[in-house]
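A.B. asks: With chain A held as given, fit chain B onto it using these hints.
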Amino acid sequence: MAVTMAQALNKALHDAMEDDDRILVFGEDVGKLGGVFRITDALQNKYGEERVFDTPLAESAIIGTAIGLAMYGYRPVPEIQFDGFSYPAFEQIVSHLAKLRNRSRGTLKLPVTVRIPFGGGIGAVEHHSESPETYWVHTAGLKVVAPGNPGDAYSMMREAIASDDPVIFLEPKRRYWMKEEVELPVERAPMDRAVIAHEGTDVTVVAYGPMVKTALEAAEAAADEDWSLEVVDMRSLSPMDTVTIVESVKKTGRCIVVHEAGRTLGVGAEVAARVQEQAFYHLEAPIFRATGFDTPYPPAKLEEYWLPNADRILDFVEKSFEY
Amino acid sequence: MAQVRDFLLPDLGEGLEEGEILEWLVEVGETIELNQNLAVIETAKAAVEVPSPFAGKVVERLGEPGDTLQVGEPMVRIEVTDVAGDVDLADVAAAPAEGLASAEAAAVDGGGTGDEAPGGVHGEVVDRSILDADEEPQPLVGYGQGKGGATRRRRRGGKQGAGGNGQASDQVSRQTQLEIPEGKPLAKPPVRKLAKDLGVDLYDVFPGSGPDGIITRDDVHAAASAGPAAREEARPAEARPAAPAAPAAPTPVFHGTAGEKPVPGFRGRQPGEVEPIRGIRKRIVEKMELSRRDIPEATTSRTADVTRLWELRKELTEQARDEGFDVKITPFALVMRAAILALRRFPTLNARIDREAGEIALLEHINLGVAVDTDAGLLVPNVKDAHTKSTLQLALELHELAATARAGKLTPAQLTGGTFTVNNYGAFGNDFGDPIINHPEAGILGVGAMRERPWVVDGELAVRRVCTFTLAFDHRVCDGGEAGRFVTYVGDLCENPSRLLLHT
Chain A
132 MAVTMAQALN KALHDAMEDD DRILVFGEDV GKLGGVFRIT DALQNKYGEE
182 RVFDTPLAES AIIGTAIGLA MYGYRPVPEI QFDGFSYPAF EQIVSHLAKL
232 RNRSRGTLKL PVTVRIPFGG GIGAVEHHSE SPETYWVHTA GLKVVAPGNP
282 GDAYSMMREA IASDDPVIFL EPKRRYWMKE EVELPVERAP MDRAVIAHEG
332 TDVTVVAYGP MVKTALEAAE AAADEDWSLE VVDMRSLSPM DTVTIVESVK
382 KTGRCIVVHE AGRTLGVGAE VAARVQEQAF YHLEAPIFRA TGFDTPYPPA
432 KLEEYWLPNA DRILDFVEKS FEY
Chain B
965 MAQVRDFLLP DLGEGLEEGE ILEWLVEVGE TIELNQNLAV IETAKAAVEV
1015 PSPFAGKVVE RLGEPGDTLQ VGEPMVRIEV TDVAGDVDLA DVAAAPAEGL
1065 ASAEAAAVDG GGTGDEAPGG VHGEVVDRSI LDADEEPQPL VGYGQGKGGA
1115 TRRRRRGGKQ GAGGNGQASD QVSRQTQLEI PEGKPLAKPP VRKLAKDLGV
1165 DLYDVFPGSG PDGIITRDDV HAAASAGPAA REEARPAEAR PAAPAAPAAP
1215 TPVFHGTAGE KPVPGFRGRQ PGEVEPIRGI RKRIVEKMEL SRRDIPEATT
1265 SRTADVTRLW ELRKELTEQA RDEGFDVKIT PFALVMRAAI LALRRFPTLN
1315 ARIDREAGEI ALLEHINLGV AVDTDAGLLV PNVKDAHTKS TLQLALELHE
1365 LAATARAGKL TPAQLTGGTF TVNNYGAFGN DFGDPIINHP EAGILGVGAM
1415 RERPWVVDGE LAVRRVCTFT LAFDHRVCDG GEAGRFVTYV GDLCENPSRL
1465 LLHT
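Same order as they appear, the protein sequences are chains A and B.
The C-terminal position of the first sequence is numbered 454 in the working numbering, with every residue numbered one higher than the one before it.
The C-terminal position of the second sequence is numbered 1468 in the working numbering, with every residue numbered one higher than the one before it.
With the rest of the complex left out, here is chain A:
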């Protein structure tokens, strides 16, 4: 059955709430409306206003509430409506959500799954197309994951909700309508593992979330040039499955990291650092980063030019072959 990522996520929430009545879903417009992307569609009808409820427009309070509920034994799945509005909740996330398990020496569980639709590509207004993942990845105590296809979205969402650690669940909003033939429920690789999304021999392209599809497009296009790209879907940004990436680069000798977020201190920088550390003697070329730019996210009609596309990836592939 063809399933969109939005449908897969919705199904994951339904199935999780069905299985465990400690799971609570809340956020702006998640209840009656079913979420601006309909990810929480019909949850309130089914599980009632006590388990699925709309909150005031106050992200700090949403996360604060989630923390409190988690400390009392619930398993909250709060939604930050858009990536750009995670910043008001930043303090709650990095100072408390991320730290309480450690601060309590493990006594407290923090089974909070913070859903954040992230990234651009949908022609939205400002604050609605941010890629804040580095902030979360840099904060110890958080798991940070981003699925790249509907099946993974389902599987990883179920795993995230089941985790006793706080998880920042980054949903690639431009891929909500991406389809995959998959029977739900489905259990995929553990969410902290990267997977090879496309096997290849010449260049490893490391991507996550929305850029996985873009990387696959690049791999397909590269075949026309007789270049064989291997696409690694990171899936988890923290912890980072360095082994899979490094093994792939050891095979190909070349590496391009792709993400929408700006280049400087992006996830690509960390991947590049780890790869050079662990696969130095396999590197035929510098590790390149096909990323967004170190600028504010542009107005909607310019985002086509801002976001990495297959061409930007292939430009770097080409460059890497020059070595």
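No lab work stands behind these hints, which were simulated from the structure alone.
Be aware that a few hints might be false.
Stated by the list, open to error - Here are the simulated DSS-like cross-link-like pairs (lysine-lysine), alpha carbons at most 27 Å apart as the crow flies:
id, chain 1, residue 1, chain 2, residue 2
1, A, Lys-381, B, Lys-1348
2, A, Lys-142, A, Lys-177
3, A, Lys-381, A, Lys-450
4, B, Lys-1148, A, Lys-450
5, A, Lys-230, A, Lys-240
6, A, Lys-382, B, Lys-1160
7, B, Lys-1373, A, Lys-382
8, B, Lys-1157, B, Lys-1251
9, A, Lys-177, A, Lys-310
10, B, Lys-1148, A, Lys-381
11, B, Lys-1278, A, Lys-450
12, A, Lys-163, A, Lys-177
13, B, Lys-1348, B, Lys-1278
14, B, Lys-1157, A, Lys-381
15, B, Lys-1292, B, Lys-1373
16, A, Lys-310, A, Lys-382
Keep in mind it's a predicted model, so treat the numbers as computed, not measured.
C.D. replies: Positioned in the frame of chain A, the structure of chain B alone reads:
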């Protein structure tokens, strides 16, 4: 149309940055052909004849014999004549710029085509058809998903991609941009690893044959098949012309007494002469100093009765000739055979020490170096994989190597990669020697003259042919016990040459 062009001293390879004019081969005013040799230039490694890239008339020679030219400095000015089919020089000058411009234009065109495609038309980024409203939720925010990356530009393909201007400037650079990278060797990490694994010092192959002097895998493999030993001496030999490098001496010099052959290694030197330390001599100086500085060596000797070996070699030579091999099985070839057997028994003498890695590697292959006295100086080519070769092959190769060395035609491969050296100073009539280890090898076997001496056999004095073998060994790698037994074993094998059969 005629135009005067400067010919710059070209990249002489090997990272050399300067060369000394030994001799001009053309006169001012002379009309020369394409590729005619202009001068003999001596570098730290060799004397090479530098051919002209132009046909024309020599207008000026920029330097006199003895002058040193930097690579990239003008060497000769040549008036290039207007040859039929020749390219107008003005066009040549203009061409790169045009090429560059068109390459840029092409790039812009390509980009333009690609940019139009995604949205179909500029300004129409929105494409609502991508959403299936029946099946999928309509987003409440934004225009919806764009098509980013749905179409793509045509690749310009591999290395050419970067070469928009690289290509165009290529014609220019060949003559005018003779850049030799300075400083450290450049190499990709896997090439560095390869070099490390194969025991190749990147500095020895620096600069490499890649662009900007980047060291390639092939460079490393070439160096490795040659080996680290005498790599540096290797290069000059390859480039060395057959003609003697030394300038013609103004006065007659000693070439041996009447009827005698010229003395090898004499090189026409005269008393009172001051010879600058350069070229091959410089490498020898460095190498000898390095050996003495780096290697705590010790020596041990054994004198052996080689009468039977002396006789055997005559027999073997006759037998070889009977079988159609035109070769002399020399006593030295048999000593080489003995040395190979001894190296197999005492492998610490066929070893490499790596102080940085804290390792002593006992080498599997034996590339047996032989010191050859040539007009150009001491050269040490080696017999590759000597352990796999028959005595006949050893003798043949020894003969060829020595002849090639004296002809100045050794290749780098022949000169590098030795793992142990045998030095036949006995050929000069010397009985004893104190050979210096060919760094970074672990030992060297000196072979003295095989001459008749009074010798005690069964308590009686007898006249026997006797030879003293001296082993200099790296005492870090090899202890006195092994070294002493090694040289004794060599002596025993030479005393009883039939034992050589046991292992070969």
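A.B. asks: Determine for every hint whether it applies to the structure shown.
C.D. replies: Verification of the supplied hints:
1. The suggested pairing of Lys-381/A with Lys-1348/B is violated, with an alpha-carbon distance near 34 Å, which exceeds 27 Å.
2. The suggested pairing of Lys-142/A with Lys-177/A holds, with an alpha-carbon distance near 12 Å, which does not exceed 27 Å.
3. Of the supplied pair hints, the one linking Lys-381/A and Lys-450/A holds, its CA atoms being roughly 19 Å apart against a limit of 27 Å.
4. Between Lys-1148/B and Lys-450/A, the direct Cα distance comes to roughly 23 Å. Compliance with the 27 Å bound is thereby established for this hinted pair.
5. At roughly 11 Å between alpha-carbon atoms, Lys-230/A and Lys-240/A fall within 27 Å of each other, so this suggested pair holds.
6. A hinted pair counts as satisfied when its Cα atoms are at most 27 Å apart, and Lys-382/A with Lys-1160/B qualifies at roughly 20 Å.
7. Distance check on the hinted pair: Lys-1373/B and Lys-382/A sit about 42 Å apart at the alpha-carbon level, beyond 27 Å; violated.
8. Proposed proximity of Lys-1157/B and Lys-1251/B is supported: the alpha carbons are some 26 Å apart, at most 27 Å.
9. A hinted pair counts as satisfied when its Cα atoms are at most 27 Å apart, and Lys-177/A with Lys-310/A qualifies at roughly 25 Å.
10. Note on Lys-1148/B and Lys-381/A: the hinted pairing holds, with a Cα-Cα distance of about 26 Å set against a maximum of 27 Å.
11. At roughly 65 Å between alpha-carbon atoms, Lys-1278/B and Lys-450/A are farther apart than 27 Å, so this suggested pair is violated.
12. Taken as a hint, the Lys-163/A and Lys-177/A pair is honoured in the structure, with Cα atoms around 11 Å apart against an allowance of 27 Å.
13. At roughly 25 Å between alpha-carbon atoms, Lys-1348/B and Lys-1278/B fall within 27 Å of each other, so this suggested pair holds.
14. The suggested pairing of Lys-1157/B with Lys-381/A holds, with an alpha-carbon distance near 13 Å, which does not exceed 27 Å.
15. Between the alpha carbons of Lys-1292/B and Lys-1373/B the distance comes to roughly 22 Å, so the proposed pair stays at or under 27 Å and holds.
16. A threshold of 27 Å between alpha carbons decides the hint, and for Lys-310/A with Lys-382/A the separation of about 30 Å lies outside it, so the pair is violated.
Going down the numbered hints, you'll see the structure goes against 1, 7, 11, 16, while the others check out.
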